[in-house]
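Participant: Residues per chain, in single letters:
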Amino acid sequence: MSFSVTEPSKRQKWFAGIVVVCYTLITLMPLVWIITTGFKSSPDSIAYPPKVVFTPTVEGYVNLFTTQTRMSPGVITEPRDHLPWYEQIVRKKGNTIVGPSRFSERFFNSVIIGFGSTFFAIVLGTTAAYAFSRFRVPLKDDLLFFILSTRMMPPIAVAIPIFLMFRNLGLNDTHAGMILLYTTVNLSLAVWLINGFIDEIPIEYEEAALIDGYTRFQAFYKVVLPQAATGIASTAIFCLIFAWNEYAFAVLLTSGTAQTAPPFIPTIIGVAGQDWPAVAAGATLFLLPVMVFTIILRRHLLRGITFGAVRK
Amino acid sequence: MAQIKVKNLRKEFGSFTAVESSTFTIEDGEFFMLLGPSGCGKTTTLRMMAGLELPTSGEIHIDGEDVSNKRASERDIAFVFQMFALYPHMSVGKNMSYPLLSQGMPRAQAREKVLEVARILGIEHSLKKPVRGLSGGDRQRVALGRAIVREPKAFFMDEPLGALDAEFREHMATELRALHDRIGATTVYVTHDQMEAMQMGDKIVVMNHGVIEQFGDPQQIYDWPATKFVGEFIGSPAMNFLDFHGSVARGSTSVLLGDCEMSIPESLDEYSGAVTLGVRPEHIHFSDHSSYRGEAIAVEYLGTTQIITIQTPHGIIKARVSSEVAVNSGETLGLTFDARTLSLFERTSGRALLSETNKAVIGNG
Ligand SMILES: Nc1ncnc2c1ncn2[C@@H]1O[C@H](COP(=O)(O)OP(=O)(O)O)[C@@H](O)[C@H]1O
Ligand SMILES: [Mg+2]
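These protein sequence lines map, in sequence, to chains A and B.
The first sequence begins at 33 in the working numbering and counts up one residue at a time.
The second sequence begins at 12 in the working numbering and counts up one residue at a time.
Next comes chain B alone, as it looks inside the complex (with noise of 0.2 Å):
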């Protein structure tokens, strides 16, 4: 158990530079998400913070110990990688008890232990199959098995749960999220993708080319993106962009959108130029009195919801309603957007302006 913290964290591989310069702190306990695309550097992150590789620079506390430049086997972590990595040529039971004897535990000792977390796993039954045989969710439990037996200080894992089938993967991601709550070990998870990190982190951190975009928990991270990527890459739609050209004040709360005003939280930052307001899916509605207008082109049925898509002065932008709301392609709407909800950016930068809502959130970052 213990707490983790990344100082200006940095790899280069040659002249490509994987991880610019990370810094977060990652607190006992935590289930902590590193979450990206594919090729944004989540992978090199960890395995420099497992010591798998070395940074080209920065730090690496573990329980306020610089371990930066320490060996993987003297960092009392385990690592979970994305495809197991179990050792094929020997049983279930010898992949786990593996870390054990190589610390010196007496067979009988370790056999005992092996035991206690493969009942925890609901694996006791295979410790004597070859690992060969084993279906994915098997694999990843002894592999999940052959991690916690050390009871390390820290697991990390790699994707862990990228192997799997879709529908396993559900299934999978509560039994760990479960262990972890029984275990309360610090984990640090990377995913790239963004409905299991809401779903099961404490914490998310967004890399993206390498830069961490932001840090924070989910609903945060959902509801106060601090850059257009992190708006982006996370919900399902991801949140609309509507692009315009205008001026926010100190103190303002409306933008001028085309020729409609609309309200927005009270910025704090001053900037004039080309701005993108951003807004989720659920927080466009339908009002006749709006001169704010769009056409709908398409209506996706979700069951309790429904997705519209809503072509607009300012680009095509996605709405999640309730299905009782009849709505018909093709047909004109009033749109109004939840004033307290809304972020603008800086389209440059991708920036996102400070406001009265999100600068708890985003102030100091």
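Chain A on its own, in the form it takes in the complex (with noise of 0.2 Å):
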């Protein structure tokens, strides 16, 4: 046998590889809790001890996506045959569908907020970056520092001020808003990781482009931004998680028109009792988009954090 330094003993893999499966135990069973429940039936969500085997229904989903009343005894007489199948699961509890829920809407102003945000943070955030990385910008440091700086707090700190001024200006709960607060926060943050990325970039490559005959911005769009993907693509997930499960400012600033999927979902609680399969059901349809998109961008992610690392 001989020995190696670097390569770890089989014992530590051992070890290392049961420390990653408890972690990963850990880390899934409030998502695979979460999950379950939402196929529950209400007793099943709540039995106790939970129950691990269960007969799956759609009802919570069913309950998420409409509004429903109680209906006369007279009423209930009536063949269920010819009914839609999401008719006949409410009228099993003796409810009958009166129309749709909020939900759709308030998911699909979370979707609008969350990647118009991210949008906007990337694009305002790249090129800034790339300004800073690239430019001689007098009072660089300076305004580099005050970037961070508006981090230095959490931004709920300035919710009053926030309030207020968007009461004034008409931005209260309007998607503009919204997306406006979110990209704000987001843009320091995308601003230093990216710059952090484009500083790694050889100037050399664009210089070459230069001159090969291209303008600075063909240089910067076809030669800058390919080698940067990897670094704005993990900073995108980050501005998307941020916006997508940011709560307090949507408590705060929506409560209509613009109100984003984490407000709503707690209010499902009150509707029809304590219907925590809609909730569950809530809670995974609103982890779904997150999930697509950082498994898109996963191979980049995953590059990007381990970037400066790699590179040399």
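Think of the hints as simulated: they come from the structure by calculation, not from any bench.
Worth double-checking, as some hints may not be accurate.
As the list claims (entries may be wrong) - In silico PhoX-like pairs for lysine-lysine, Cα to Cα no more than 25 Å straight-line:
id: 1; chain 1: B; residue 1: 124; chain 2: A; residue 2: 254
id: 2; chain 1: B; residue 1: 81; chain 2: B; residue 2: 164
id: 3; chain 1: A; residue 1: 254; chain 2: B; residue 2: 16
id: 4; chain 1: B; residue 1: 81; chain 2: B; residue 2: 18
id: 5; chain 1: A; residue 1: 83; chain 2: A; residue 2: 124
id: 6; chain 1: B; residue 1: 124; chain 2: B; residue 2: 140
id: 7; chain 1: A; residue 1: 125; chain 2: A; residue 2: 83
id: 8; chain 1: B; residue 1: 140; chain 2: B; residue 2: 81
id: 9; chain 1: B; residue 1: 16; chain 2: B; residue 2: 81
id: 10; chain 1: A; residue 1: 254; chain 2: B; residue 2: 139
id: 11; chain 1: B; residue 1: 124; chain 2: B; residue 2: 105
id: 12; chain 1: A; residue 1: 254; chain 2: B; residue 2: 140
id: 13; chain 1: B; residue 1: 81; chain 2: A; residue 2: 254
id: 14; chain 1: B; residue 1: 16; chain 2: B; residue 2: 124
id: 15; chain 1: B; residue 1: 164; chain 2: B; residue 2: 105
Said to hold, decoys possible - Okay, the calculated beta carbon distance ranges per label pair:
id: 16; chain 1: A; residue 1: 38; chain 2: B; residue 2: 318; range: 39 to 47 Å
id: 17; chain 1: A; residue 1: 156; chain 2: B; residue 2: 173; range: 37 to 45 Å
id: 18; chain 1: B; residue 1: 140; chain 2: A; residue 2: 330; range: 37 to 45 Å
id: 19; chain 1: B; residue 1: 123; chain 2: A; residue 2: 208; range: 48 to 56 Å
Glycine residues also receive a C-beta, built at the ideal position from the N, C-alpha and C atoms.
Using the supplied hints, reconstruct the complex from the two chains, each of which is provided in its own coordinate frame.
Facilitator: Okay, structure coming up:
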């Protein structure tokens, strides 16, 4: 047997494996809980001890997407065969659907505001970072520090001034207002992260492109962007996760038209008693977009985070 | 193909002057070396010539046209960067066709052209490969290929072999010179390696601290350094310097080194004070008749020649003699210098004194 400094021993590998598995289980547990609860019936969801094996139902999802009322006994006698499947599920409980719930609207708001603010944060962040990295910007270090300093307190600390400002500007409860707010909060992160990534790209690439006959913008677009893609992708994920999950400002500044999913989901509890499956269903759907987005950009994310280490 | 003229070129970075005031002319088709220790302003000079850096003052003419304030893309030159600067997200072929497509050449024609150049460089089988996996030498070839395809007026190369392994560098240097002889394009080549400059260059400019010390062909620069710095920087081992106080009169053919009279080339300058006698290692010979003596303190065997380190009354010098000469460490040797090849320098300014033998090289400088 030869001894190697870099290659871990078998026992070390086992140990590392066990740690990883334990950690994964711990982090996955709540996720599994949420996803399964979404498919449980109301009694199953609060059963004690918790049911691991249960009959799955989409009742929670139907409740999530619909508004229902209790039916008067007279209507119940009606034949049920021709009714759509979701109405049938509701009828079993003695309810009827009177219309769609607000959930899809709120969800859609989240998508628009989350992705919209991420888009603007990335576009503005990338151009600003490029300028900081490549041009002689007066007071560059001070500006960069100032940009970072906006994140030195929790954003919610300035909630009151922002609330008043938004009210005066008519931005309360508007999509534009929320996109503006989340873009502002994310921008400092975007500028800093992307600035780091662009700094890592040797300037010679652009100079080569300039000599090859491209304009500065073309050099930026065709040479810098593709190389900063990993960094930009990982930054985009961070921005989206923040905007997507943001709760405090959303509660404060939105109530109707522009309300996002996070402040909406808790209100489901109140709509039809303690409807945990519907809440869990909402949470599950809420997780999806970020999950999909992250999976699509996953390769970039991993490389982006280890960027500096890999390049040299 | 073009002649390049640089006139009083100067570059300041804030209060720091990177290039003092450079003037030189590169003839059409020349392989031109910008040589100097690192930090002396070679890259800055080249970048100004390429249009990547704006000069503080001075002019650059390419092919008779003043391009001092033109953009890099308008100067029709190609630049080979030290780290090659191949676009990492593109294949070899894409990297090479990139400059052609930017000029609006049709794709099919560009592909044709790239293939042709790839054949010259021996990388036609790698065109589809990503540049990431290439060896240093192949990267170098791709970088050259990207420069060549465009058939620019001139090639500018900033230490293009600096990133390669030592053994491979020699090979690439030969290849590069052969390529130049084949294409015949004006090439400006930056290096801090004097061997490389001597080996490849038609003409050499030696720079130090932003100042041009000397301009000439390799042999001239080696034989007749215009300054002490050049004599020291070029040659391995470097030129030997013997410091003494003395005076040289116009027309005199000898100096007093200690109490030994040394023959020198007929002086065309007069100077008295602190001077330095410069002698190349291979111009030192041993003779028992000489009254100038030194003690051998080390012998370094190099095959056909050997380097003898000698302690003289005026400091330590190194002589390169045939290995057949038997010398032992500790032995006292009588030393003679080839009179015709000696240089005398003013010690304070480092400037070479004009003599009958070096006037042709440094006479008008
Ligand atoms: N953009 C810059 N800003 C400030 N100083 C610079 C800049 N570029 C080069 N210098 C300085 O100018 C001097 C010459 O640099 P350079 O031309 O790169 O030297 P060389 O290529 O001969 O090694 C160095 O001292 C370097 O620090
Ligand atoms: Mg340099």
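Participant: Hint by hint, say whether it matches the structure.
Facilitator: So, going through the hints one by one against the coordinates:
1. B:124 / A:254: Holds, at about 22 Å.
2. B:81 / B:164: Given that 25 Å is the threshold and the Cα spacing comes to 15 Å, the pair holds.
3. A:254 / B:16: 33 Å, violated
4. B:81 / B:18: 16 Å, holds
5. A:83 / A:124: Holds: residue 83 of chain A and residue 124 of chain A sit about 22 Å apart, inside 25 Å.
6. B:124 / B:140: 18 Å, holds
7. A:125 / A:83: 21 Å, holds
8. B:140 / B:81: 35 Å, violated
9. B:16 / B:81: 15 Å, holds
10. A:254 / B:139: Answer holds: residue 254 of chain A to residue 139 of chain B is near 19 Å, not above 25 Å.
11. B:124 / B:105: Holds: residue 124 of chain B and residue 105 of chain B sit about 12 Å apart, inside 25 Å.
12. A:254 / B:140: At roughly 19 Å apart (the allowed maximum being 25 Å), residue 140 of chain B and residue 254 of chain A satisfy the hint.
13. B:81 / A:254: 23 Å, holds
14. B:16 / B:124: Cα-Cα ~30 Å, so violated.
15. B:164 / B:105: 22 Å, holds
16. A:38 / B:318: 39 to 47 Å: This hint holds: roughly 42 Å between Cβ atoms.
17. A:156 / B:173: 37 to 45 Å: With a Cβ separation near 39 Å, residue 156 of chain A and residue 173 of chain B satisfy 37 to 45 Å, so the hint holds.
18. B:140 / A:330: 37 to 45 Å: Check failed, 26 Å falls outside 37 to 45 Å.
19. B:123 / A:208: 48 to 56 Å: 53 Å, holds
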